[in-house]
Amino acid sequence: MPVPHIEVQDLTMAYGDFIIQRNLNFTINRGDIFIIMGGSGCGKSTLLR
1 MPVPHIEVQD
11 LTMAYGDFII
21 QRNLNFTINR
31 GDIFIIMGGS
41 GCGKSTLLR
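So for the sequence shown, our numbering puts the first residue at 1; every next one is plus one.
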């Protein structure tokens, strides 16, 4: 059975009234390779912080 290393549940991020990501859920298991892809301004760097 995989061992969760990072788990995100129901994460919403916003700048003021502008919601960047809503209700984000994911699990990264130990040993997984996780890629964050998306266009400019979609919140990739914000998620990593």
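Read the hints as simulated data drawn from the structure, not as lab findings. Take these hints with a grain of salt, some might be off.
Claimed, not checked - Derived DEER-like restraints, expressed as beta-carbon distance ranges:
id: 1; residue 1: S40; residue 2: P2; range: 18 to 28 Å
id: 2; residue 1: H5; residue 2: K44; range: 15 to 25 Å
id: 3; residue 1: G41; residue 2: M1; range: 17 to 27 Å
id: 4; residue 1: S40; residue 2: M1; range: 16 to 26 Å
id: 5; residue 1: G31; residue 2: Q9; range: 35 to 45 Å
id: 6; residue 1: P4; residue 2: L48; range: 15 to 25 Å
id: 7; residue 1: D10; residue 2: D32; range: 14 to 24 Å
Using N, Cα and C, we set each Cβ at its ideal position, and we do this for glycine too.
Right, here's what the structure says about each hint:
no. : hint                  : in the structure
1   : S40 - P2: 18 to 28 Å  : violated, 32 Å
2   : H5 - K44: 15 to 25 Å  : holds, 19 Å
3   : G41 - M1: 17 to 27 Å  : violated, 37 Å
4   : S40 - M1: 16 to 26 Å  : violated, 38 Å
5   : G31 - Q9: 35 to 45 Å  : violated, 21 Å
6   : P4 - L48: 15 to 25 Å  : holds, 18 Å
7   : D10 - D32: 14 to 24 Å : holds, 21 Å
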